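Using the sequences provided together with the hints, build the complete structure.
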Amino acid sequence: MAPPPKSVYQRAEELFKLGFSQPAHDVIEVELRQNPDQGRLLVLQAVILHSQRKWAPAMAAAERASVLICLPVEGQMALADCYSLLGKKDLARAGYLHLLEHCLLSRRLYAGLYKGFRRLGDPQMALVTCRKALEQFPDDDQAHYGMAHAMSAIGYPTESITRVLEKCLQLAPDNDSYRMALAVQLKKMDLPVAAYELLTAVDPSALNRARCFHMVSALLDICTVAGDSARCAVLEPLLAKARKSGLGRVAVKRESDSER
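Numbering of the sequence shown is given in the working numbering, commencing with residue 8 and proceeding in unit increments.
Hints are computed from structural coordinates only; laboratory data are not their basis. A couple of the hints might just be wrong.
[Said to hold, decoys possible] Okay, derived cross-link-like pairs now, DSSO-like style, lysine-lysine, Cα gap no bigger than 27 Å in a straight line:
| id | residue 1 | residue 2 |
| --- | --- | --- |
| 1 | K95 | K139 |
| 2 | K96 | K122 |
| 3 | K13 | K24 |
| 4 | K122 | K174 |
| 5 | K95 | K61 |
| 6 | K122 | K248 |
| 7 | K96 | K139 |
| 8 | K174 | K139 |
| 9 | K195 | K251 |
| 10 | K24 | K61 |
| 11 | K195 | K174 |
| 12 | K61 | K122 |
| 13 | K194 | K248 |
| 14 | K96 | K61 |
| 15 | K248 | K195 |
| 16 | K95 | K122 |
| 17 | K122 | K139 |
| 18 | K251 | K194 |
| 19 | K251 | K122 |
| 20 | K122 | K24 |
| 21 | K194 | K174 |
Small disclaimer: the values here were computed from a predicted structure and weren't measured.
This is how it looks when you write it as structure tokens:
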């Protein structure tokens, strides 16, 4: 006996999960032309459009869906992001706060919420988001790393940031980004030998992951004092590039970073 045919939602969701976002959207679009008042399908359309960075149509789809059904967390996140990215900051903040205060989220959605608060220029709420994520996922190294970034933006003592980064490295000992960030904090604490010992475990080519002026400058200082010409040869052109482009944020590009 043949299985029952899949619904439009099931077909579109399956295509989207397989990475075929445009075919998934096309399936939804055809159905919505005939039957427009399908809240669940509109939410999926909003999520797909959000993934395609089509903020205005994603916002429109999510708002239409919200009239028909209570938005699930994926739809709420997509809508809040769109508000943020389209300059509707008050609406974005309200959406993010609702998710933070009333919903249990996945690791991915907590990461999205963190980015949202950072985009709004609110490192304090980004820090709260990381702490909430860590209540649910205490071994999430990226949540610890996000916390360190937020603490740095707020102005926490270097020693406090260092402890958080040490936890990151404990959870993910092979992560070069964490190692470089911790080395910079150790340099600030006037511990250049300990900072350089961390960098010796980082392949010189991996130093290209550093992006901002302050990060690259600190790493170059550490390697210069240690007489490490191989790492200096990588960092010197990076510093010139960072200076030219004016990248002053203290950050290291994360492998999982999909900053919008």
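Right, here's what the structure says about each hint:
no. : hint           : result
1   : K95 with K139  : 25 Å, holds
2   : K96 with K122  : 14 Å, holds
3   : K13 with K24   : 15 Å, holds
4   : K122 with K174 : 21 Å, holds
5   : K95 with K61   : 15 Å, holds
6   : K122 with K248 : 25 Å, holds
7   : K96 with K139  : 22 Å, holds
8   : K174 with K139 : 17 Å, holds
9   : K195 with K251 : 24 Å, holds
10  : K24 with K61   : 18 Å, holds
11  : K195 with K174 : 18 Å, holds
12  : K61 with K122  : 18 Å, holds
13  : K194 with K248 : 22 Å, holds
14  : K96 with K61   : 18 Å, holds
15  : K248 with K195 : 23 Å, holds
16  : K95 with K122  : 16 Å, holds
17  : K122 with K139 : 14 Å, holds
18  : K251 with K194 : 24 Å, holds
19  : K251 with K122 : 26 Å, holds
20  : K122 with K24  : 23 Å, holds
21  : K194 with K174 : 18 Å, holds
Hint compliance for this structure: every hint is met.
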